[in-house]
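Colleague: The residues making up each chain are set out below.
Protein chains: 2
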Amino acid sequence: MEQKSFQDYYPDELNYCYGCGRLNEHGLQLKTYWDGDETVSVYTPKSYHTAIPGYVYGGLIASLIDCHGTGTAAAAAYRAENREMDTEPAFRFVTASLHVDYLNPTPLGTPLEIRGKVKEIKGRKVIVETTLSANGKICVRGQVIAVQMPEHMLKSNTTT
Amino acid sequence: MEQKSFQDYYPDELNYCYGCGRLNEHGLQLKTYWDGDETVSVYTPKSYHTAIPGYVYGGLIASLIDCHGTGTAAAAAYRAENREMDTEPAFRFVTASLHVDYLNPTPLGTPLEIRGKVKEIKGRKVIVETTLSANGKICVRGQVIAVQMPEHMLKSNTTT
Chain A
1 MEQKSFQDYY PDELNYCYGC GRLNEHGLQL KTYWDGDETV SVYTPKSYHT AIPGYVYGGL
61 IASLIDCHGT GTAAAAAYRA ENREMDTEPA FRFVTASLHV DYLNPTPLGT PLEIRGKVKE
121 IKGRKVIVET TLSANGKICV RGQVIAVQMP EHMLKSNTTT
Chain B
1 MEQKSFQDYY PDELNYCYGC GRLNEHGLQL KTYWDGDETV SVYTPKSYHT AIPGYVYGGL
61 IASLIDCHGT GTAAAAAYRA ENREMDTEPA FRFVTASLHV DYLNPTPLGT PLEIRGKVKE
121 IKGRKVIVET TLSANGKICV RGQVIAVQMP EHMLKSNTTT
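Just so you know, the protein sequences line up as chains A and B, in that order.
Numbering-wise (the working numbering), the first sequence opens with residue 1 and increments by one.
Numbering-wise (the working numbering), the second sequence opens with residue 1 and increments by one.
Careful: at least some of the hints might be erroneous.
One copy or any two copies: either way a pair holds, since identical chains are not told apart in the list.
[Claimed, not checked] Cross-link-like lysine to aspartate or glutamate pairs, in silico, EDC-like; alpha carbons within 16 Å at most:
#1 K117 - E88
#2 K137 - D101
#3 K117 - E2
#4 K31 - D8
#5 K119 - E151
#6 K4 - D86
#7 K117 - D35
#8 K119 - D37
#9 K125 - D101
#10 K122 - E88
If you are wondering where the hints come from, they were derived from the structure by calculation, not from laboratory data.
With these hints in hand, go ahead and build the complete structure from the sequences.
Modeller: Structure follows, in structure tokens:
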């Protein structure tokens, strides 16, 4: 049986995110999985996701780190409660803060591996540290501070 | 005569950036202008640039801040030399570091105004502080540390 990604567990009505929503046909549809205590996503940019020719656009990289971070935060929150991701109540995180350091130019035309580690999980806040690598070389480091989505936002959108 | 944006001055061979390249037909084609000592871009997200329904995707916001920052850095570098943007040598900046604080959810369906100020310009480095507003309310604050593109990257791409 194929492993389901974190994003496959998001409630349908919250699964339209341009970066990782399974139901956003225009989006990137990033998929994230556990790999031991780390999380991993792999994404291959399109040819037009370019910055200068031959290199990946930094805004796309920021997007991958963002969605990898919120996905990791949700998965970590379930793990902290020893719950599976298909149990209630559903956890969904939004980004409070995003930081990206572009260490090396990221080559276009090869899959990018995004790996995350939970640095801190406390109350409604999860801090996720991320690397993005191409051909085994780390090109970018990122950090996402994710916070659990307020219930009123969740509810206002599930009732519309 | 219509004012030309910063990006309209980028050399053609470096004008394919997904965020702001005039020649990237799949991209966002952000345009940035001086407004006194500040810089301003306006972008209206597409309906599919959503995070959760009704709100703008954070990765898109990061992209807008990124390109607004590198564009502002280039324009500021010309101003520091009292040169017009159509004079040689051409300045083009890349992002070393990007920081975004999402203060309030950004509503979808309205133009977003991105405003930048140069916090520091020193050697090849320019630091740009940015706000992103919707309907006159600041939703996001960003900072870009931009560095002038190394000549060898510029040359290697203009000769291919």
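Colleague: For every hint, state whether the structure bears it out.
Modeller: Here's how the hints hold up against the structure:
{"no.": "1", "hint": "K117 - E88", "in the structure": "neither (24 Å within a copy, 45 Å between copies)"}
{"no.": "2", "hint": "K137 - D101", "in the structure": "within (14 Å within a copy, 28 Å between copies)"}
{"no.": "3", "hint": "K117 - E2", "in the structure": "neither (23 Å within a copy, 49 Å between copies)"}
{"no.": "4", "hint": "K31 - D8", "in the structure": "within (8 Å within a copy, 36 Å between copies)"}
{"no.": "5", "hint": "K119 - E151", "in the structure": "neither (25 Å within a copy, 38 Å between copies)"}
{"no.": "6", "hint": "K4 - D86", "in the structure": "within (11 Å within a copy, 52 Å between copies)"}
{"no.": "7", "hint": "K117 - D35", "in the structure": "within (10 Å within a copy, 42 Å between copies)"}
{"no.": "8", "hint": "K119 - D37", "in the structure": "within (11 Å within a copy, 39 Å between copies)"}
{"no.": "9", "hint": "K125 - D101", "in the structure": "between (22 Å within a copy, 15 Å between copies)"}
{"no.": "10", "hint": "K122 - E88", "in the structure": "neither (20 Å within a copy, 53 Å between copies)"}
The structure fails hints 1, 3, 5 and 10 (numbered hints given earlier, in ascending order).
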